[in-house]
Structures are given as C-alpha cells and as structure tokens.
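K.L.:
So you can see what is in the structure, the chains are spelled out below.
Protein chains: 2
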Amino acid sequence: MPRQITAYTNPLVKSVRDLRDKRHRREQRRFLAEGLRILTEAREAGRLPVMLFFAAASAGHPLVRTLVDEVERAGGDAIETTPDILSKLSGKDNPQAVVGVFEEFEIGLADLDRTQAGIWLVAERLRDPGNLGTILRTGDAVGAGGLILVGECVDPFSVEAVRASMGALFTVPVVRCEWGDFLVWLRKGPGQLVGLSLDTEDDYRAAEYAAPTFLLTGNEAQGMPDGYAAACDLLVKIPMLGKADSLNAAVATAVMAYEVLAQQRG
Amino acid sequence: MPRQITAYTNPLVKSVRDLRDKRHRREQRRFLAEGLRILTEAREAGRLPVMLFFAAASAGHPLVRTLVDEVERAGGDAIETTPDILSKLSGKDNPQAVVGVFEEFEIGLADLDRTQAGIWLVAERLRDPGNLGTILRTGDAVGAGGLILVGECVDPFSVEAVRASMGALFTVPVVRCEWGDFLVWLRKGPGQLVGLSLDTEDDYRAAEYAAPTFLLTGNEAQGMPDGYAAACDLLVKIPMLGKADSLNAAVATAVMAYEVLAQQRG
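Residue numbers (my numbering), protein chains in the order written: chain A, 7 to 272; chain B, 7 to 272.
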C-alpha cells in the first residue's frame, strides 16, 4: 500500500527536491524524472523508480496504478502526496501527476556493440541540458545505437535533460568518456567518424556515409577543437543561407542524422 | 557620451528588468536582447536598441564601441553600468557584456511577399520559447521568407526566444495571426501548405515540394488540429524508428526545411 506524505516539511521531500542540483545527484547517485509519459516510457524500457510520488487525484489513472503496482512489487516506495509537494519536487506551478526518483545508471564504451546500429551520436562538451535531451530524443527516433558524451558535458540526468529527452534517456544508451578513450575504442573496429565543419566544401547531402556512422557534434559556442576535426574520417557542412554561421546543436545533429538514416535505408 | 548607472535601485534598472515579464513587455512595447553577438546581428540587420547597457570593462571592445556610437547617433541611450546590474537585467550569474532594449516590431501577413522565398515556416500554438527561437534560427539558415505564428503562441520577444534565435529574430520576419486569416491570405496566391502528420504513409523524403512551400508545425504536445491537417495540400511523415512517436518541434521543422531546401536547390 502506498504511504502518504502531506507535510511540506517532510525531510524526504527536501532530499528528493535536492536532486534538482547536480551536487546532490552526485552524492545520492539518483535523479528525477517527471510526468506520466516519461515514467511510462521508462517502465516499458525496464526502468522503475525507487520512489514514486503521485497526486491523490491521479491515483485512479490506469497508468498511475500500473506504475504504483510495479514499483511496489519491485520493492520501491510509492508515495501519495499533494499537488503542493509535487510542485515543490518538480519546481513547476503546474506539476506533473507523477514524479519518480531513479537510480543513476551508467555504461561504458566497452558495453556498446557497434554492430547493433548504423548511426551513433557523439557530442563533445555539450553545455545545454535541453540540447542533450533533444539529441537523445532524436537518437531514439533514428534508431541510434547510443549517445557518447565526450569531455565535460552537461549532466544527462539533470531535470531539464530528462524532460527534453521525453523518455529517450531510458531507451538510448548514454556513455560518458574522454576524447582519447573514445578514439582508441572507435579505432578498434569499423566506424566512420563524421564531423560537422565550416571549413569544408563537402555538402552533407553529397557525402557518402558508411555504417556504423558516428556523428560528432561540437560544443554549442565553439564547435569542435581542430584536433577533433582532424581525427574525423569525413567533414561535411550543412548549407547556411542566412546571416548566421551555425545551427542549434540539436538541430544540426538531427539534420545530419536523418540524412544518414535516409542513405542507410536506401 | 554614455551616462553611468551604478545604483542597483535605479528605477530605470527595475523598469528594464521588468521586460523579462510578458505583461511589462506588452505595456512598454519593448523587449530585451542580450550579448554582443545578438546585438551585432541586430545592428547589421538595421535594428538598434533604444537603450544599450554595457559593462565598463567592455567599453573598449570594438564591437561595443560601434554599438555605443550608433545607438547615440540614432538618439538612443547608451548606459555604462556594473556587472551586478547586468546580472540583474539578464537574470544570469554570468551576464553578457551588453544588454539592449528594443522597440517591438510587428508586421502583418499583408507585408509578406511570398515570391521572395521558396520556404516559409508556419507554427501553430507553439508553447516553448526555446523552440520558437530555434525555429527562427533554422529559418535564417534555410533562407526562409518568414515565420508565421498561428493562434496563441509563446511571445517571440521573450528573453528565451530571442536568446535561442541567436539574432534571427532580427533577420527573419515574424507574423502573428489567426488560422482563418492565414488560410485566406495563403489561398490568395501560390503556396503549398505541408503538414507533418502521424496519419499518413507519405515519407517526407519521397514527397515533392513546390515553392513557395509553407511548412506547418503543430503544438508541441498535441500536434495540429484535424481541421488544420485537412487544409494542408500535403501531409508527410518523418520516420520514427524508436519508442517515441514524435520529434522535438524545432527539430522536426528543421529536418523538413532542409529536405525542402535540398529539393529546391536541385
């Protein structure tokens, strides 16, 4: 049976609220995901929260009931609470019906099987959590094998990244590593490393991609370092007809990924 | 000569800070844009702020000096200030070197010349300011004639939208209108209205686009109403290979727009 928490000052509420901060996530090795859609996506991907907060008013919703049942069966904690406390947990005036606390999960390069997918996404020093989540969401859509985060990237378990991923955090494998380790791993097997660049005449539509294709997206403000570009097997550009010289990082990744997908599907 | 404001409590600072709120923007008919890159983009597009706040430490930067000179020559107000006040204005711990206050500008459907561009972007009930700005940025990149916002959309002059646009707000015409008025205007001349849909078998890569192409993007959560889809000349789908059934709205718009661009450029 779910227990109830209705006191705003309950210490558990504070400790969960703290997961909005990176420092606390790192200490607790847990993160927050909000909303029935994302939590259902997680459940279907085999990831259940260790704690599930839900509004009393939503207790009868079939998806909420399924979540509560499965969380309790797995030994987790299902907690009925108030809209006020859900607001506090989610940091929003109009809170979602459910908020879940998940254990962080992490895999390494060695866990990836590059033969499983034709497209892999690689992002280096990504700064914006919305971009990270959106790239994961696109990764899910193109059937990418995973997202490899190189160097100091924003935390994929941040609330904004989880939200922007719309659940893809639970379905697309994410690896964090350093550039050197990535390159060593990449060159141990087949794989075409493709970078987006301003310094090339090769249009992304005219290039030929060979699976598995690793699409490298550089930092939002600076793009990728010269050394990274030099390590690429192929540099391509996306036409820019206007005043600006770059696209949003998640947009550029998606335009590239869909071109690669179209080629690979023939 | 620029004047100085160093008092945090200066009423002008509060009135400018208030422009972060939609209500105050509506009252003052002004909005904020931040950062040297965006303000320089605006200047090059012929838009100067009526007020320009800049950090004393940045006063020697050539781009800042150009901005200060041009703002003053145009009768605007250039104000040297402190990092603290810039932080207050921009709502960020690490403020930009410059913050500009611009008069809102607005054009109508009648001001658009559809023969000027092969691609036009149309978004209905867009909710997220980051998506709006990112769509503008993509619009600039593909040479779109403009962005037509249909129905109750987020404010294109919000700080987040301006920031995500990276200056494209100043280079890509934006029109706000109702669906009925848009349709009447559209059907007065040539124009293919293309909608993204889950209920079609037509792949976006196999479809044929005819300039001027109007790409319609629906609300982030609900997509477009059935009636809107019925009004389209063409409905297409983007392949979704994963668990999710939709892309981020700005990503979907970009993937479509680049396909149309590729076809139109032959």
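Among the hints, erroneous ones may be present.
Here are the simulated lysine-lysine pairs, DSSO-like style, with alpha carbons at most 30 Å apart [stated by the list, open to error]:
| no. | chain 1 | residue 1 | chain 2 | residue 2 |
| --- | --- | --- | --- | --- |
| 1 | A | Lys20 | A | Lys98 |
| 2 | A | Lys98 | B | Lys94 |
| 3 | B | Lys94 | A | Lys28 |
| 4 | B | Lys243 | A | Lys94 |
| 5 | A | Lys20 | B | Lys94 |
| 6 | B | Lys98 | A | Lys98 |
| 7 | B | Lys249 | A | Lys28 |
| 8 | B | Lys20 | B | Lys98 |
| 9 | A | Lys98 | B | Lys20 |
| 10 | B | Lys249 | A | Lys20 |
| 11 | A | Lys249 | B | Lys28 |
Partner residues are not named here, just some residues of chain B that face chain A (Cβ under 7 Å, in silico) [what the hints assert, rightly or not]:
| no. | residue |
| --- | --- |
| 12 | Leu118 |
| 13 | Thr140 |
| 14 | Gly248 |
| 15 | Val257 |
Calculated directly from the structure, the hints in this document are not laboratory data.
Source: prediction; values computed, not measured.
Beta carbons: idealized from backbone N, C-alpha and C, even for Gly.
K.L.:
Give a verdict on every hint.
P.N.:
Quick rundown of the hints versus the structure:
A hinted pair counts as satisfied when its Cα atoms are at most 30 Å apart, and A/Lys20 with A/Lys98 qualifies at roughly 15 Å. The suggested pairing of A/Lys98 with B/Lys94 holds, with an alpha-carbon distance near 22 Å, which does not exceed 30 Å. Distance check on the hinted pair: B/Lys94 and A/Lys28 sit about 24 Å apart at the alpha-carbon level, within 30 Å; holds. As the CA atoms of B/Lys243 and A/Lys94 are separated by approximately 38 Å, the hinted pair breaks the 30 Å bound.
For the suggested pair A/Lys20 and B/Lys94, the alpha carbons sit about 28 Å apart, so the restraint of at most 30 Å is met. Annotation: proposed proximity of B/Lys98 to A/Lys98 holds, straight-line Cα distance about 19 Å (limit 30 Å). Restraint check for B/Lys249 and A/Lys28: satisfied, since their Cα atoms lie roughly 28 Å apart, inside the 30 Å limit. Pair hint B/Lys20 plus B/Lys98 holds up; C-alpha atoms about 15 Å apart against a cutoff of 30 Å.
For a cut-off of 30 Å, the pair hint linking A/Lys98 to B/Lys20 stands: about 25 Å separates their Cα positions. Using a Cα cut-off of 30 Å, the hinted pair B/Lys249 and A/Lys20 is violated, with the two alpha carbons roughly 33 Å apart. This hinted pair checks out: A/Lys249 and B/Lys28 have alpha carbons roughly 28 Å apart, not beyond 30 Å. Checking B/Leu118 against chain A: minimum C-beta separation of about 17 Å lies over 7 Å; hint violated.
At its closest, the beta carbon of B/Thr140 sits 5 Å from a beta carbon of chain A; the interface hint therefore holds under the 7 Å criterion. The restraint placing B/Gly248 at the interface with chain A holds, with a minimum CB-CB distance near 3 Å, inside the 7 Å limit. Proximity of B/Val257 to chain A holds as hinted, the smallest CB-CB distance being about 4 Å (cut-off 7 Å).
Hint violations for this structure: numbers 4, 10, 12, all remaining hints satisfied.
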